[in-house]
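Line by line, the protein sequences are chains A and B.
Mapped onto the working numbering, the consecutive letters of the first sequence carry residue numbers 5 to 122.
Mapped onto the working numbering, the consecutive letters of the second sequence carry residue numbers 343 to 454.
Derived from the structure by calculation, the hints contain no laboratory data.
Take the hints with a grain of salt, since some may be wrong.
[Unchecked claim] Quick partial rundown of chain A residues pointing at chain B, CB under 8 Å, derived from the structure: (1) Leu43; (2) Phe49; (3) Leu64; (4) Thr110; (5) Gly114.
[To be verified] Calculated pairs, EDC-like style, for lysine to aspartate or glutamate (alpha carbon to alpha carbon, straight line, at most 20 Å): (6) A:Lys15 - B:Asp381; (7) A:Lys19 - A:Asp67; (8) A:Lys15 - A:Asp60; (9) A:Lys21 - A:Glu72; (10) B:Lys423 - A:Glu115; (11) B:Lys423 - B:Glu347.
For every residue, glycine included, the Cβ atom is placed at its ideal position computed from N, Cα and C.
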Amino acid sequence: GAGVSQSPSNKVTEKGKDVELRCDPISGHTALYWYRQSLGQGLEFLIYFQGNSAPDKSGLPSDRFSAERTGGSVSTLTIQRTQQEDSAVYLCASSSPLGGQYSGNTIYFGEGSWLTVV
Amino acid sequence: GQSLEQPSEVTAVEGAIVQINCTYQTSGFYGLSWYQQHDGGAPTFLSYNALDGLEETGRFSSFLSRSDSYGYLLLQELQMKDSASYFCAVSPRSGSARQLTFGSGTQLTVLP
Chain A
5 GAGVSQSPSN
15 KVTEKGKDVE
25 LRCDPISGHT
35 ALYWYRQSLG
45 QGLEFLIYFQ
55 GNSAPDKSGL
65 PSDRFSAERT
75 GGSVSTLTIQ
85 RTQQEDSAVY
95 LCASSSPLGG
105 QYSGNTIYFG
115 EGSWLTVV
Chain B
343 GQSLEQPSEV
353 TAVEGAIVQI
363 NCTYQTSGFY
373 GLSWYQQHDG
383 GAPTFLSYNA
393 LDGLEETGRF
403 SSFLSRSDSY
413 GYLLLQELQM
423 KDSASYFCAV
433 SPRSGSARQL
443 TFGSGTQLTV
453 LP
């Protein structure tokens, strides 16, 4: 697609339920990132996929969070047993394999999935 | 690890010049990036500095001093549409992932 596409755009869920958030990166981008942004805060790194390499999961806040990337394209972020503190915008981003570190590691963000846990 | 500091809020009037500072501490460093985010929107890339000095892109310029672990974003001829949050971000050298670490953002308000 022309840009990074995320769904759902908004999700309200009850505490304790599981949620899945989907990201469709820009075609041809091998790197995919998930970030979390709480209201009025900066972006918190969650997880990074690069091609067929093992993902960097160092930012996942707990074992309730997991992510998959199937076929090197679409990614799903899963939050199990949601808690109120999980309420945030979950931003997906992708970048081109041609963008080395000296290109600024420019990444392209989707509009985000706004998650509210009640 | 990495940490970045930037002012939480800046206010300026239309047509003015504003500078948003960013200081960072990082265990390894490729460069400093700046992103703009309007309310409810996606962050979008503005500029990147890998080397010391000033990079200019239209009304926006970005500066980096590696020796001072400091950079800034300069916005000239401010327009109302420049009202947004501005994030500095460092590209870390460590590890295999090239993920960016973002600051907490500076909310810029442009007044008429």
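So, going through the hints one by one against the coordinates:
The beta carbon of leucine 43 (chain A) is not positioned within 8 Å of any beta carbon in chain B (closest approach about 11 Å), and the interface hint is therefore violated. About 5 Å separates the beta-carbon of phenylalanine 49 (chain A) from the nearest beta-carbon of chain B, less than 8 Å, and the hint is met. Interface hint status for leucine 64 (chain A): violated, as the beta-carbon distance to the closest one in chain B is roughly 12 Å, over 8 Å. For threonine 110 (chain A), the suggested interface contact is upheld, since its CB lies about 5 Å from the closest CB of chain B, less than 8 Å.
Taken as an interface hint, glycine 114 (chain A) checks out: its beta carbon lies about 6 Å from the nearest beta carbon of chain B, inside 8 Å. At roughly 18 Å between alpha-carbon atoms, lysine 15 (chain A) and aspartate 381 (chain B) fall within 20 Å of each other, so this suggested pair holds. Of the supplied pair hints, the one linking lysine 19 (chain A) and aspartate 67 (chain A) holds, its CA atoms being roughly 16 Å apart against a limit of 20 Å. Between lysine 15 (chain A) and aspartate 60 (chain A), the direct Cα distance comes to roughly 26 Å. Violation of the 20 Å bound is thereby established for this hinted pair.
The suggested pairing of lysine 21 (chain A) with glutamate 72 (chain A) holds, with an alpha-carbon distance near 19 Å, which does not exceed 20 Å. A hinted pair counts as satisfied when its Cα atoms are at most 20 Å apart, and lysine 423 (chain B) with glutamate 115 (chain A) qualifies at roughly 18 Å. This hinted pair does not check out: lysine 423 (chain B) and glutamate 347 (chain B) have alpha carbons roughly 24 Å apart, beyond 20 Å.
Hints 1, 3, 8, 11, counting from the list given before, are not met by this structure.
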